[in-house]
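Throw the hints in and build the complete structure from the sequences for me.
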Amino acid sequence: MDAIIRVENLSKTFHTKERKKGEKKKKRVVQALKDVNLDVFVGENFGLLGPNGAGKTTLIKCLTTLLLPTSGTAWVNGFNIEEQEDSVRASLGCMLMGERGLYWKLTGRENLDYFGALYHVPRDVRAKRIDFLIDLLKLEEFAHRTVETFSSGQKMLLAFAKALINDAPILFFDEPTVTMDVPTARELRRIVRALNKEEGKTIVYTTHLMHEAEELCDRVAIIDRGEIIALGTPNALKASLVREDIVKMEGILPASVVGKIRSIPGVREVTVQAAPDGRASLAVMCENSRHLLPRIIEAATGNGASIEYIKPQDVTLEDVFITRTGRSLAVDTREVVKEGAGGGTGRG
Amino acid sequence: MAAQVAASRGFGLGRPGWRAKREVVRTVFLARIKIITRYKGAILMEALLPIVFAAMPVLLGITVAAQQGGGADPGDLFCAKTKINNLCTTNFKLYMLLGAATFTVVSLMLWLIGYWVRREQETGTLESLYLAPVRRIWVLAGVTSYAFLRAMIAFVIAIALGSLLFQVNPFNSGMGLAIVFLAIGFLPLWGLAFMFGAFIMKIKEADSVIQVLQWILAFLMGVFYPITLLPGYMQAVAGTFPPTVMTDGVRASILNISFIYQSAYGSLAVLCAMALVVPLLGYQVFEVTERRLRRKEGVGHY
Numbered sequence: 163m164d165a166i167i168r169v170e171n172l173s174k175t176f177h178t179k180e181r182k183k184g185e186k187k188k189k190r191v192v193q194a195l196k197d198v199n200l201d202v203f204v205g206e207n208f209g210l211l212g213p214n215g216a217g218k219t220t221l222i223k224c225l226t227t228l229l230l231p232t233s234g235t236a237w238v239n240g241f242n243i244e245e246q247e248d249s250v251r252a253s254l255g256c257m258l259m260g261e262r263g264l265y266w267k268l269t270g271r272e273n274l275d276y277f278g279a280l281y282h283v284p285r286d287v288r289a290k291r292i293d294f295l296i297d298l299l300k301l302e303e304f305a306h307r308t309v310e311t312f313s314s315g316q317k318m319l320l321a322f323a324k325a326l327i328n329d330a331p332i333l334f335f336d337e338p339t340v341t342m343d344v345p346t347a348r349e350l351r352r353i354v355r356a357l358n359k360e361e362g363k364t365i366v367y368t369t370h371l372m373h374e375a376e377e378l379c380d381r382v383a384i385i386d387r388g389e390i391i392a393l394g395t396p397n398a399l400k401a402s403l404v405r406e407d408i409v410k411m412e413g414i415l416p417a418s419v420v421g422k423i424r425s426i427p428g429v430r431e432v433t434v435q436a437a438p439d440g441r442a443s444l445a446v447m448c449e450n451s452r453h454l455l456p457r458i459i460e461a462a463t464g465n466g467a468s469i470e471y472i473k474p475q476d477v478t479l480e481d482v483f484i485t486r487t488g489r490s491l492a493v494d495t496r497e498v499v500k501e502g503a504g505g506g507t508g509r510g
Numbered sequence: 278m279a280a281q282v283a284a285s286r287g288f289g290l291g292r293p294g295w296r297a298k299r300e301v302v303r304t305v306f307l308a309r310i311k312i313i314t315r316y317k318g319a320i321l322m323e324a325l326l327p328i329v330f331a332a333m334p335v336l337l338g339i340t341v342a343a344q345q346g347g348g349a350d351p352g353d354l355f356c357a358k359t360k361i362n363n364l365c366t367t368n369f370k371l372y373m374l375l376g377a378a379t380f381t382v383v384s385l386m387l388w389l390i391g392y393w394v395r396r397e398q399e400t401g402t403l404e405s406l407y408l409a410p411v412r413r414i415w416v417l418a419g420v421t422s423y424a425f426l427r428a429m430i431a432f433v434i435a436i437a438l439g440s441l442l443f444q445v446n447p448f449n450s451g452m453g454l455a456i457v458f459l460a461i462g463f464l465p466l467w468g469l470a471f472m473f474g475a476f477i478m479k480i481k482e483a484d485s486v487i488q489v490l491q492w493i494l495a496f497l498m499g500v501f502y503p504i505t506l507l508p509g510y511m512q513a514v515a516g517t518f519p520p521t522v523m524t525d526g527v528r529a530s531i532l533n534i535s536f537i538y539q540s541a542y543g544s545l546a547v548l549c550a551m552a553l554v555v556p557l558l559g560y561q562v563f564e565v566t567e568r569r570l571r572r573k574e575g576v577g578h579y
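Chains A and B, in that order, give the protein sequences. Here the first sequence is numbered in this note's numbering, starting from 163 and rising by one per residue. Here the second sequence is numbered in this note's numbering, starting from 278 and rising by one per residue.
FYI, nobody ran anything at the bench for these hints, they're computed from the structure. As the structure is a prediction and not an experimental result, all values here were calculated from the model. By construction, the Cβ of each residue, glycine as well, lies at the ideal position given by its N, Cα and C atoms. Don't take every hint at face value.
[Said to hold, decoys possible] As a list, the in silico DSSO-like pairs of lysine-lysine whose alpha-carbon atoms are at most 27 Å apart:
#1 Lys481(B) / Lys311(B)
#2 Lys179(A) / Lys481(B)
#3 Lys189(A) / Lys311(B)
#4 Lys410(A) / Lys359(A)
#5 Lys573(B) / Lys267(A)
#6 Lys573(B) / Lys187(A)
#7 Lys481(B) / Lys573(B)
#8 Lys298(B) / Lys290(A)
#9 Lys298(B) / Lys179(A)
#10 Lys186(A) / Lys481(B)
#11 Lys189(A) / Lys479(B)
#12 Lys311(B) / Lys290(A)
#13 Lys188(A) / Lys573(B)
#14 Lys300(A) / Lys267(A)
#15 Lys188(A) / Lys479(B)
#16 Lys481(B) / Lys187(A)
#17 Lys267(A) / Lys298(B)
#18 Lys300(A) / Lys359(A)
#19 Lys267(A) / Lys311(B)
#20 Lys479(B) / Lys573(B)
[Unchecked claim] Cβ pair distances, simulated, as ranges:
#21 Glu431(A) / Gly294(B): 53 to 63 Å
#22 Ile414(B) / Glu302(A): 34 to 44 Å
#23 Asp343(A) / Ala437(B): 47 to 57 Å
#24 Gln491(B) / Leu393(A): 46 to 56 Å
#25 Asp297(A) / Trp492(B): 49 to 59 Å
#26 Lys481(B) / Glu244(A): 30 to 40 Å
Shown next, in the form of C-alpha cells:
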C-alpha cells in the first residue's frame, strides 16, 4: 500500500518555565515527541490514541505545519512538511481546535466563505461547496446567524464543515465530537465513515474515546510520553491481550487492597482510578479470571473493601494502553526530561 | 524519499494566480468590514477622537495666551515659538487638528494590526489562517487595506467636523500635496504595522504595549509641535520615523510652513525611500518571527 503520510524519526522538544508557589522559576525541557516513525496509507482511517500530554496534538501540529520539528521530518501527500509547507496545507482539511478558530462576528456561511477563499477555492465553486456542506451537516437553521449565537455543538459542526471546505484528500480531526450531544456525535461519526469509505479520504482521527476509535479506525497508534507504544488494527491490538482476562471492580477500596490483589499469583497488573467521592475503580489483569475471582474478592473484602460492582470484561483499547504503560488513559503524561533553576527561553 | 502522491488533490495545490490572490485580499478585507460594522458606532466614535485630542492643546494655547496679558494672540505666540527658516503659521488650531488627525491615521494603522494579531491568537483563528495554503502577505494585505480604509474614514470625518468646530479651513492649494504625503506615507506604515504585528505575536500582549507606544509615537511624531523643538539626538531619531515625515509633510503642505527635509521634494524623496524599504523590511521581520515561533511553541500559542 502507498503511504500518504510518512513520519521519520520526528522529535519535538519544548522549553518551558514553571513557577510554583514559594519556589524559584524553573526551566523545563519537555520532550513532546521522541523519534516517531509512522506510515498512514491512502484511504485509511487512522486513529491516534493517548492520554492528555502524550504528544498527539504535537504530532498533528507538526504534520499540519503549525509547528516545526526539532529533528526528523515527515511527508504529507508527497510534500515535505518543512520545505513544501503550502502544498502540505493545500492537501489537508483540519479540525484541530474544536469550536475555536471561527469568527464569532461572522455568520456560519460567511465563515465558510472566508476560509474557502484562504484555500483558493474559486468563488463559484465555493458557493456550491458551502451549500453542499450546509445540507450535509444540517446547518440550514443557523448558518445565517453570527457564530456568537451558536451553541457549542453548532460551533463544532461549523468547525467540522470548515475542515471540509477545500475538499482535501487528507483530513485531520482532533477530538471532533468532544462537546457534541450523543445523536450529533453519532451523526458526525457516520459522516466521517462515509468520507472515508465512500469518498476515499484519508483520515487521521485523534480521540480519547476508545469506542470511537474502535468504531471508526482501520488502524490505531497508541502514543504515550511522546512515543508510539502500540500500532495496529484495533482487533489485532486487542488480540495481543487475549491470553489475559480483565476484572473490573468498583467500590470503596482502601489502598492496601491493590497490593494484596497484586500479590495473588496469576495477577499481572492492577490499575486504580480514584474518584473524588472516595470511591475507586480497579482493573485487574489476570490469566484466568474465573479461577482467580474468589481470591480477588477475598483479598478485597478481607482488607476492608466495600465492593459495589465486579465483572470480568472484554478487552478494550484502553486495556491495551494500561497493559503497555501500567497507567490509565486518564493520567496526564507530559514528560519532563530535564529540570533546572533559572531563566532561559521557552514558552510561558 | 517522498510518500506517494494521492490521486485526490485539494484546492490550492499548485501556484495560485493573481485572481486567487486578489480574491484572498478581497475576502479578508470584506470580512473585516463586516465584523467592524457589527460593532455599532465604532467607526464614528474613533473619528471623534482626534477632535477631542486636538481640542486639548488648542484650549490650553488659548488659556496660556490669555494669561500672558496685553492682548497676546495665541496664534502669534505659537508662530513665534515654532518658526523654522522664517516660516511659521498663526493657524495653530488647524496645526493641531492636522497633527491629531494624522496621528489617528498612524495609530489606527499600527494598532489595528496589533490588535488583529492578538485577537486572532486568542480566538484560535490565527492557527486556522496558518493551516491554509495562502501566503501571509495576502492576508496581511487584506487586513491593512481594511485598516487603511478605516483610518481614512476617521481622517476625513475628523478633518470635516474639526474644521467646522474650530472654524478653520484646510482646503487650499496645498491640499493636493498633503494627500500625496498621506498616500505615500501609508506604505511605510504598512511595513511598521507588519513589524508591530510580529512583535505582538511574539510577546502575546497587545494592550499594555499599545498604551506605552501610543505616547512614544505621539511624542516622536510631533503631533502638536515641530520636532525642531526636541533635543538634537531626538530630532535625529524622529526624523527617521516615517510617521513624522508624513505628519510634517501634510501640515507643511496645507499651512505653507517649512518641511522637515527643507523642501517638499526633499521630504517626499525621504518618504518614498521609506516607502520602498520599510514594507519589505517589515514583512521580512514578520516572516522571521513566525518561523521562530513555529520552531518554539507555535504561532497560535496564547
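Status of the hints after comparison with the structure:
Restraint check for Lys481(B) and Lys311(B): the C-alpha separation of about 26 Å stays at or below 27 Å, so the hint holds. Proposed proximity of Lys179(A) and Lys481(B) is supported: the alpha carbons are some 16 Å apart, at most 27 Å. Distance restraint check for Lys189(A) and Lys311(B): the Cα-Cα separation of roughly 44 Å exceeds the 27 Å cut-off, and the hinted pair is therefore not satisfied. Restraint check for Lys410(A) and Lys359(A): the C-alpha separation of about 35 Å exceeds 27 Å, so the hint is violated.
Between the alpha carbons of Lys573(B) and Lys267(A) the distance comes to roughly 31 Å, so the proposed pair goes past 27 Å and is violated. This hinted pair checks out: Lys573(B) and Lys187(A) have alpha carbons roughly 19 Å apart, not beyond 27 Å. For a cut-off of 27 Å, the pair hint linking Lys481(B) to Lys573(B) stands: about 14 Å separates their Cα positions. Restraint check: the Cα-Cα separation between Lys298(B) and Lys290(A) comes to about 20 Å, which is no more than 27 Å; the hinted pair holds.
Among the hinted pairs, Lys298(B) with Lys179(A) is inconsistent with the structure: their alpha-carbon atoms are about 40 Å apart, more than 27 Å. Restraint check for Lys186(A) and Lys481(B): the C-alpha separation of about 23 Å stays at or below 27 Å, so the hint holds. With a C-alpha separation of about 19 Å, the suggested pairing of Lys189(A) with Lys479(B) holds against the 27 Å cut-off. Restraint check: the Cα-Cα separation between Lys311(B) and Lys290(A) comes to about 22 Å, which is no more than 27 Å; the hinted pair holds.
For the suggested pair Lys188(A) and Lys573(B), the alpha carbons sit about 18 Å apart, so the restraint of at most 27 Å is met. For the given pair, Lys300(A) sits about 21 Å from Lys267(A) by alpha-carbon distance, which is consistent with the 27 Å threshold. Between Lys188(A) and Lys479(B), the direct Cα distance comes to roughly 21 Å. Compliance with the 27 Å bound is thereby established for this hinted pair. Our distance criterion of 27 Å between C-alpha atoms is met by Lys481(B) and Lys187(A), whose separation comes to about 20 Å.
For the proposed pair Lys267(A) and Lys298(B), the alpha carbon gap of about 24 Å is at most 27 Å, so the pair holds. As the CA atoms of Lys300(A) and Lys359(A) are separated by approximately 21 Å, the hinted pair is consistent with the 27 Å bound. Restraint check: the Cα-Cα separation between Lys267(A) and Lys311(B) comes to about 8 Å, which is no more than 27 Å; the hinted pair holds. Restraint check: the Cα-Cα separation between Lys479(B) and Lys573(B) comes to about 11 Å, which is no more than 27 Å; the hinted pair holds.
At about 60 Å, the CB distance of Glu431(A) to Gly294(B) agrees with the hint of 53 to 63 Å. For the hinted restraint 34 to 44 Å between Ile414(B) and Glu302(A), the CB-CB distance of approximately 36 Å keeps it satisfied. Taking the beta carbon of each, Asp343(A) and Ala437(B) are about 54 Å apart, inside 47 to 57 Å as hinted. At about 55 Å, the CB distance of Gln491(B) to Leu393(A) agrees with the hint of 46 to 56 Å.
Under the hint 49 to 59 Å, the C-beta atoms of Asp297(A) and Trp492(B), about 54 Å apart, fit the expected range. Checking the proposed 30 to 40 Å range against Lys481(B) and Glu244(A) shows it is violated: the Cβ atoms sit about 24 Å from each other.
The structure fails to meet hints 3, 4, 5, 9 and 26 from the earlier list, while all remaining hints are met.
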